[in-house]
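Model the full structure from these sequences, guided by the hints.
There are 2 protein chains.
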Amino acid sequence: MKKVKIYVTLRESVLDPQGSAVMGALHTMGYNEVADVRIGKYLELQVDDSERALDVIVKEMCEKLLTNTVIEDYRYDVEEAVSK
Amino acid sequence: MKKVKIYVTLRESVLDPQGSAVMGALHTMGYNEVADVRIGKYLELQVDDSERALDVIVKEMCEKLLTNTVIEDYRYDVEEAVSK
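Read top to bottom, the protein sequences are chains A and B. Going from the first sequence to this note's numbering is simple: count from 1 and add 123. Going from the second sequence to this note's numbering is simple: count from 1 and add 123.
Keep in mind the hints are simulated off the structure, nothing from the lab. Each hint can be trusted.
In this list, chains with the same sequence are indistinguishable; a pair is considered to hold if it fits within one copy or across any two.
Distance condition first, Cα-Cα at most 27 Å in a straight line; then the derived DSSO-like pairs of lysine-lysine: (1) Lys187 / Lys126; (2) Lys182 / Lys164; (3) Lys164 / Lys128; (4) Lys125 / Lys182; (5) Lys187 / Lys125; (6) Lys182 / Lys128; (7) Lys164 / Lys187; (8) Lys125 / Lys164; (9) Lys187 / Lys128.
What follows is the structure, given as structure tokens:
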């Protein structure tokens, strides 16, 4: 079993109103050092070993369901899952 | 200027209905290898250098605004921001 960590971020050219709102709140709270905030998604998948190549199915899942590739970029890391 | 990457995840003991819904959708699409999905947030902050220690202000921002520490855990990485 593998643990796949997927990071989904808005593309550079896309406005991030949620990030702007959080930055405004941080400034109001006195954290004026913060120059930019961008908010994305973080997904952790546990994937059983199968005949299909992991890279192939992760890319398919990201492009078909997990991200909107028109406005979002994604990257992912794979690590061996620790059994509990 | 530093780039701070913050990963916010639900605590292990907290149910993740959004993750369950995504897992159901992936199974419907034929990705039966996926055994678990957990969904969290990913934040990228650009923070200007200041007199305050970065670790201190990042922890404060996370605990006061960015996360709900009752149900969420967070971790973060700091890297040197690349100027554009």
